[in-house]
Structures are given as structure tokens and as C-alpha cells.
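Participant: Here is what each chain is made of, one letter per residue.
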Amino acid sequence: MTTPLIEARKAGRILRGEITTTLVTDISLSVMPGEFVSITGPSGSGKSSLLYLLGLLDIPTEGEVLVGGEATRALDENHRADLRLAMLGFVFQFHFLLPEFSALDNVLLPMRALGRMKDAQMRNRATDLLTTLGLADHLWKRPDQLSGGQRQRVAIARALANQPSVILADEPTGNLDTVASAQVVSILRRIVDEEKKAVVIVTHDPGLAAKADRQIQIIDGRIASDGLSANQPATVAS
Amino acid sequence: MTLVIDIAWTHVTARLRQTFVGIFGVATGIGFSVMMAGLMEGSQNDFIRQLVDSMPHIAVTDEQRRAPIQPATEQFDAVEFRSLSTETERRGIKNPLALIEALESWIPGAVAPSVTTKALIHSGGRDLAVTVIGIDPKREARVSKLESQMKEGQLSSLFKASNAIILGDGLAQKLGVTVGATLSLATTTGTPVFARVVGLSHAGNRMTDDNQAVVLLKTAQILDGRTALINEIRIRVDDVMAAEEIANRVERQISYKSTSWQESHQDILSAFQIRNAIMVMVVGAILLVASFGTYNIISTITHEKTHDIAIMKSVGLRAATVRSIFVLEAAFIGGAGTIIGWILGYLLCFFVGMIEFRSGFTDMTHLPILYAPKHYAVAGGVGMLSSLIAGYFPARKAARVQPVDIIRGAS
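Sequences listed follow chains A and B, in order. Each residue of the first sequence is one higher than the one before, starting from 1 at the first, in the numbering used here. Each residue of the second sequence is one higher than the one before, starting from 1 at the first, in the numbering used here.
Next comes chain B alone, as it looks inside the complex (with noise of 0.2 Å):
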């Protein structure tokens, strides 16, 4: 075996710039695909986090899947009825605190009563609509990242004040108020109320920013007509990737529309799968590359070394051995690109990582950057892999020499 490296590292290094070019290749390869796993990672999850605590993990809604079959189409087969009024039943879910108690006694979590109400606030002369989020304070902060997301004043302010709102900072200035002013809140179906501003809020999430307020869950349940019934029950769980089977579990309790962070954002979730099936085809087009500079650098090398490989033949050399040499050869090309590439993808990701920039739509300065040790292996891997298989065809080529075609030829 020694023989074998002795002969494969002496023409590897018998041609340095060649080898160089190889390793340089391999390394490029594997830098760059460690870079964008990277970045394209580190980008997916950032994302996802900021759903993800933007928001409860499972929504409990006062819906329904189905919509609800009508009497006279469930008793009624063989007559016809025409312009029939369909059964309406009052929005909202009923018996909330024995729902809520249930819940807690399994989920691994928090869970909270809210209404949620679409509403205009008129404030100045200016008149926006907004989404307003009744909550429960003290539950409210284990079941969101409002509490930490406050700006100014606290999420324990809006006991402070009879009808209290905290609004959006972005919504606060499209608004021109500040803590302590008062507006007017009105909705289509429950009663119009003043609201003085007793707190600003800042997500980090344009959406939320300019079309959030908060109120008292009493204060929303009179805003929106429906005294002591809520819309929603937001639940927190401890384990965010289990969300979707905890969903689905509580809506085969207690029957109301429970929807997962996961199924909320089930379209950019999809999408994520088609980018990462495109990161997937660039970084191995990218690996595909490199190993076409390890297949032409071996290719020449055996054909430099057709001379050398008839004489190691005719001395007794197995094909077996020669077609190593030439492997071993990829090897070290592939080996040493690996361990450059992987030095190369951590300074590209540390660079890349401290570009600045300014979204007007998150808080964002940096590209997040995901550091996963499985980026390097997997690149490494393939860049490891390709190399051998670049290697192998000139090698297998170079073992059918047949000592005497060359000998011959050169008599």
C-alpha cells in the first residue's frame, strides 16, 4: 500500500500547479456550497422564527372545517325546498374557560382566551382600519412574545386604564399618537369605544407593526359585540415542530377550527421546499463543476503517465494497483479541496454573515447565517465523492493499458 501512495503522492506533487488548479476547484466548490446551505438555511429559520413568535403556535378559531349542514338538508330527501333561510347560530366559542381548563390539563404548554375583531380606529381626522387582539395580560405573556416585544410602557398597562390600547409602533405613527392619547375604536357589529394609548409594541414585522392594537379581552368582547364569548384560543407549546399533531388533537376535542403555525404558512413552508430543492441542484452543480477539474487533471496525468503505467505493468504490477494510484491520486486532490473548501466556506459565511443591510420590512441588518456542522459533512461528502468518481474513470482507463501496445510503440 505504501507503494501505491508513494507513486500517487509523487505524481501529485510532481505537478504542483495542476494540483493546485484541482484542489482549487474542489475547494471553490465545496466553499461556495457550504456558504449557501448557509445562508439559505440561516434565512429559512430566521423566517421561521419570526412566524413562529409572531405568533401563537396553534390558533383555536370559532369555526368550523365544514360548514355546518342545514336542517332541512339533513331531514328533508325527498322534497325540495326553495329560498330557505339557513340556520344562523351567534359567532364565537362557547364555554371558554371550561375549554381553556381543558386544554391545559394535557397540552404541553400555555394556552389563552382572545378576540380577535377587525375594527376602525379614527384618531386626528385619520381614520385606519386595524386588527385588534382582546387578551388576557397574565396569560397572554406565556403564550406570545408581546411582553418582551413592548417599546414603550408594559402589557400590565392596560389594566391601567379603562379601555387601554397598545398599539403597533408603525400603526402609532401613521396615526401621529403617542402614550397617552385617545382615539376611538368602532366596529360593523358591537359597541364604539374610547381607548386611551397606554403602551407601543414593536415585532420587528412590518405587517404586525402598522395594523396591530391590543386591548383588554373586555374591552374587545364589547367593541365586538359578543359579551363573554372569544373567537380564539391561542396555545403555546413547549415543542414548536410538534405543533401540527397537537392541532390536529384539539380539534378532534372539542371540534372548533384549530390551525398549527405550520398550516397557516403552509405556502411559504411549500415554498421553502421548492428553494431548497433549488439549493440542493445549484450546490451540486456546483460540486458537478468541480469534479470536471478533478476528472481532467486525472485524465491527464494517466495520459502523461501511459509510459509509466506500461513499465509498472510489465514489472508485474496488477491493474488492480494502478487503477489505486489513480484514485488515491483523486483522493488527495479531493481530500485536500475538502479541508481547504470547508476553511473557505467558514470565512464565506463569516463575511457574507457581516454584510449590512436595510429591509423596510424587518428588522433584519444581516444575512442570518446558519453555522450546521451537517453543511460541511454533506458538502465535504459529495465534494469527497465526486472527486472519487472524476478519479476513477481515467483510473479504471489507465489499468486496461496493455504494457505491450506501449512498449511496442515506442521500439
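Extracted from the complex, chain A is given alone in its bound form (with noise of 0.2 Å):
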């Protein structure tokens, strides 16, 4: 049996203060190698919150949340870096890129980072990724001499740069006309089908969603439903 990439067991989290906020509650799912995973929802449901906790960038303060099976909420700080940086990629709906970067800098980042590999094999992979992403001319500018679509773009070569197990993308294509949308929802369908890495992204734009293998959709925290997307989604009991 498959370990899952990731897996949600009865996670949610809670912001508590002067008034008690719950941002997602009682979550419980499995990321498996190969899944295009789209998560949407009305504004405000929680999808980023899920996200956020899937990328261990959030702890949950119920349930648990495994990474390559591992359990991860006792995790300390450190720890948690080491496995975003080792085998989850973001994408942001702002790119988040370092603006001082090239776009080939901003790529080398993680792979510097993780330091596995020597400074040429480095170089190479970073421009590879970005001459796949139709970046080849690109390599030596700076975020803010490039398109948002090309931005988003060198933010997927930065996500996939560490060769991680999962993409976890939050409203990718947000910021994008529809032409620089299509390019990167086609990129992440070939990350799937060609690299068979996992991708999971939120999006409110049912379009995209629909291109996703399988759609959870979130209200109120919850899971709502989650299915494959033949448009006859299976509703889960929550």
C-alpha cells in the first residue's frame, strides 16, 4: 500500500484570542503521488487555511498532519524547514519572489538551501526548469522586469526546483490574464502526468478546478465534498 504525500487526520485549527476564530475543522484526507487535488470554496472558508496546514507552514492545533508519513504537529521549527524544503513546493498567488534575485537566483535558492547538489549541477537544473517554463531568455532579470505570468512562472521553477513530492499552489493563476492562466494550469497538469508529482492547488475559478483529477470543496472549514472531477462529486460526511 502507498504511503500518502501528505495526510490531514481530524486537522483543524483554531485562532484563539479575544474572540475564537476556527479556521478549519475535523479535516481529513490523503494527497497521493500523481493527484492533481483542487481545493475551493466560497471567499473566507478556510481553503488557504487547509493549504497552509498541508504545507506545514501552519500547525494545527487538533487531528494531525502527516508529511511522507510522517507525524509532523510535535515537529519543532527546524524540522518542519528541513521537510517544506526537502519535499513540498509553494506557489503564492503573488509570486514572492526575492526582488533583488535574478529569476535564475530565485530558482538556485532552494537548491542552495537544501545544498545537495555542487554549485554547476545547481546552475544547470535552475536553467533548465526555466527554459522548460519558456523562460530561456529570462534567466538574468529581476522580478520586476518580468510579467506577472513570467513571475508566476519562475515561482514553479523555484517550487519544483528541490524535485519535491508535492506542489502546493494558492490561487496561481489570481493575478493572471487567461492566457498566462492556461500556461500555468498546463504547466501543473504536466507536472502531474509527465513527473507524477502531487499538486494541489485553491482556487475560487471552477475552471480550473475542473482540470484537477479531484475537487474538495470547503465551507465553513469543513469538507463539504471530495471527488473525482466527472462533475459527480462525492459528498463526504463530515
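Honestly, I wouldn't trust all of these hints.
Sample of chain A residues at the chain B side, in silico, Cβ under 10 Å [said to hold, decoys possible]:
#1 52
#2 58
#3 78
#4 83
#5 86
#6 89
#7 92
#8 94
#9 96
#10 97
#11 99
Derived from the structure by calculation, the hints contain no laboratory data. The structure presented is a predicted model; accordingly, all values stated were derived computationally and were not measured. A virtual CB, placed ideally from N, CA and C, is assigned to each residue, including glycine.
Once you've looked at the hints, go ahead and assemble the two chains, each given alone in its own frame, into the complex.
Facilitator: Below you can see the structure in the form of C-alpha cells.
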């Protein structure tokens, strides 16, 4: 039996303060290799919060999140950072590239942090990734010299740099025009089909969600439905 | 590590104006600290050198540390005496030649006898109270700088005439006399003598030049009325700083009060300690102010770079790595500031040392500056350390940024 790349077991995140807010609760799901999963839901339903939990950017206040079969809730910050660096890749709505660094340097960042490859190997891989994503002529350009779509493709290249098992994307096309959006979706699809990685995207765009193999709908912080994207989602009892 | 260096370097070079302000702050702090330390220690050393040169390192005088106990006090505990006359002894160091010989056998340096007395000089209708020192010119040349301070004539000129005298040039000017003049000397205890001026000395210290006259030992003994006695043994030691220890040993050996130059000028040396404490505080304050500049810059960078910190941490950089990036930025600023500060400090010392001035009290015409590597090392070390500390706190804060908080805020 294949171990899920990411698994949530009754995970939840509650913000405690003057007003206690439940971001997500009672989330149970698994992401397997080669899966393209979309998480949809209305604004404020907890889609992004769920992604942050799955991506170890946030710590569940209830339940557990496992990455590669390893329970993460009790891990210290360094261990969580190491898991993110080696196993997960992130793409955000706002590209979140380092502004003073070139596209190539931005892609090199996670590889240099991981330090498993020699300089020349890293440079070759970063160049290959950017070339594959159609940015061969923009290696030395800084983010402010690139268009929105190009920046997002650099962010995808950075997410792929350490050959992670899972790409987590939060509204990756939310800031792009139709053409650039289509390019990004196509790239993510290719990552799943050709590299057999798992991709989890958060989107409010039904068109984009429909391109995923599996759709998870979140309403009020709970999974309302989780099923295949054949327009026949299976309702999950929560 | 190269990743940390690259990011830190990119941050500081991307904000050149801010970086230069930070570097300039550290450099100014270090430069002025070096100058202050050089100036303060230079003037202190110069002053001590003048003190040490102007007198013997150790003076053994015909006094005791404690007043002698009177026989009546010692012998008749049960009886009270009133209106007793105290027993008086003839002043002076007894058996001086034997004592000098005994001291010369172990003291690393030179020993010379002298008679010091207060006298009234009368010349051309003017009377001036002066200090007259009787010396043995051959021995004196080894214990004081008097020979090299001769402006006219030589120390040996004292042998050229009976009752020859050498005057400080300021004193000669006040009396209106020159070499060859004759004047009279008188004390309250001895025999007045007529003396011929055979030389003029110039120590560069107004106190000495205006108030001191030198005669042969024998002349001073006659003048003071103490034939065959001296009242001071002057000692010059090879190691100036060992004077205090040697003085203590001399006193234990021969019982006479033995005063080192340190003890004679204890008040001045104490004042130097206070001055040094003030200097340390001023220099510390300068460097502290400079470190505020570094703190400000690193704080600004970390504040501006909150998004970048979130990106780096979301990618998987550890908190310690993020912290080291900003501490390294502080190190860049501190390091560059230190090097420029050293150059600035040297130039400031050089130019301050060129400033000319005149003082009525000494011959010094330029500010004395001490060029000491320790000043550069201490100022640089403190400057660098304060920069690192100033950088550490904002760096620590940066490393605590939770990427999810920033990412949530941006979405």
C-alpha cells in the first residue's frame, strides 16, 4: 500500500484570542503521488488555511498532519523547515520572488539552501527548469523586469527546484490574465502527468478546479465534498 | 554559507545610501575614539615623561615616615610629664657615602647625593626665594637630565669657580643676570655665600626653570650649615615603573623616607585615573551612538524585508539561517566602518598632532599623540561588537517571523 504524500487526520486550526475563530476543523484527507487536487470554496471558507496546514506553514491545533508518513504536529520549527525544503514546493498568488535577485537566483535559492548538489549542477537544473517553462531569455532578469505570468512561472520553477513530492499552489492564477492562467495550469498539469508529482491547488475559479483530477470543496472550514472531477463529486459525511 | 553571504551582500548593496550612512556612523565613532585615546594617552605619557625626567626617580630624604617616639613617652607610662622639651636631632642623612655604596651594590641604576635647601638670592636689589640643590656633577649626570638641559655652560662648569652656581633660565631672567654675574645666597641656618653664575639650564618646565638653582654639594652644605651631611639621595632606576618597589626596599633597608616618583605625584596619577575613566565613558558613548545607527539600518532592512523573510522561511530556510543573514549584514557595515574608522582615526591623529599652540607652562608646541595599535584594536573590537549586537536584535526578530502571517496578509 502506497503511503500518502500528505495526510490530514481530523486536523483543525483554531485561532484563539478575544474572539475564537475556527479556520478549519475536522479535516481528513490524503494526497497520493500523481494526484492533481483542487480545493475550492467561497471566500473565507478556509481553503488557504487548509493549504498552509498541509504545507507545514501552520501547525494544527487539533488532529494531525503527516508528510511522507511522518507526523508533523510535534516537530520543532527546524524539522518542519527541513521537510518543506525537501518535500514541498509552494506557489502563491503573489509570486513572492526575492526582488533583488534574478530569475535564475530565485530558482537557485531552495537548491542552495538544501545543498545536495554542486554549484554547476544546481545552475544547470535551474536553467533547465526556466527553459522548460519558456523563460530561457529571462534568466538574468529581476522580478520587476518580468510580466505577471513570467513571474509566476519563475515561482513554479522555484517550487520544482528541489524535486519535491508535492506542489502546493494558493490561487496560482488569481493575479494573471487568461493566457497566462492557461499556461500556468498547463504547466501544473504537465508536472502531474509527466513527473508523477502531486499538485494541490487552492482556487475559487471553477474552470481551473475542473482541470484537477479531484476536487475538494470547503465550506465553513469543513470538507463539504471530496471526489473526482467528473462533475460527480462524492459527498463526504463530516 | 555562500547563500547567506550572497543574500546579505545583496541587501546591503541594494541600499547603498542607508549602508553608507551606517558605515559612516561606525567609522566616525571608531575614528574619533582612536583620536581621543591617542590624544589622551599621548598627553598623559608626555606629562609623565616630563615628570620623570625633571626629577630623580626616587628621592631618599632625611625624614622618617613616622615622627620619632620621645623617650618620656616610651619609658614612663605611669607618670605624666608636662611642658617637656622634645629631644631634637641634627637633620641630615648620616654616613651618606656608606649608604650610597650600599645602595649602589644592588640598585639597577645610579645613585647620587644632594643637599636641597631653600635660599634667598639677592642680586641687583632684587631678592628671590629659590630652591638650591647641591650636587656632585659627576654623579648627578647619571641620575638626572640636568646635563642635557644646560642652555649655557656645562654641569662641570661648577668646578670652574669657588661657589659656582647654575640658574634656571627663567630665574636668571627674573634676576636680570647672565653667565659671569655674581650674586649672594643666604639661608636662615647657614653661612651666606657669594656665587658666580657659570651656566643656565632649561628644563622646559616653568616651575623648575623659574625657581631652581644648582651648586656644588659642598657649597650647599655650607649654605645650609650642615657640613659633611646631605639631606637627599637621588636615585635613577633603569626601569621607571619599578621605582615604587625599589623605593620601598630602600626605605626598609636604610630607614630614611624613600619616595618614588609615583608616590610624589600620586595626586596627578590619581587624576589620570579619573581622566582615563572619563575617556572610556566618552569613547564608549561615541561607539554606542554609532551602534544605534547600525541598529536603525538593520531594523529598517528587516522591516522592509518582511516579505522576503516569509518567502525564505516558506521555502524552507531555517530561522538561524535567516538570523545569520541579518547579523552578517551588520557585520558588513561594522567591518567596513571599522576599516574606514581606522583610516579616519589615523588621519585625525595626524592632523590633530600638527596643530600648533603655545603654553606658558611647558615647551610643548604640538599636541602629543600616541600612535598605539591597541587603540585601533580596542576601538575596532568594540565598534564591531556593538555593530553585531545592534544587528542581532532586529535579526532575531526577523527570524521569528511566521511566514503564514505574512502570506495570509498578502493574499
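Participant: Run every hint past the structure and note whether it holds.
Facilitator: Here is what the structure says about each hint:
no.	hint	result
1	52	5 Å, holds
2	58	5 Å, holds
3	78	5 Å, holds
4	83	8 Å, holds
5	86	7 Å, holds
6	89	9 Å, holds
7	92	6 Å, holds
8	94	5 Å, holds
9	96	5 Å, holds
10	97	7 Å, holds
11	99	7 Å, holds
Hint compliance for this structure: no hint is broken.
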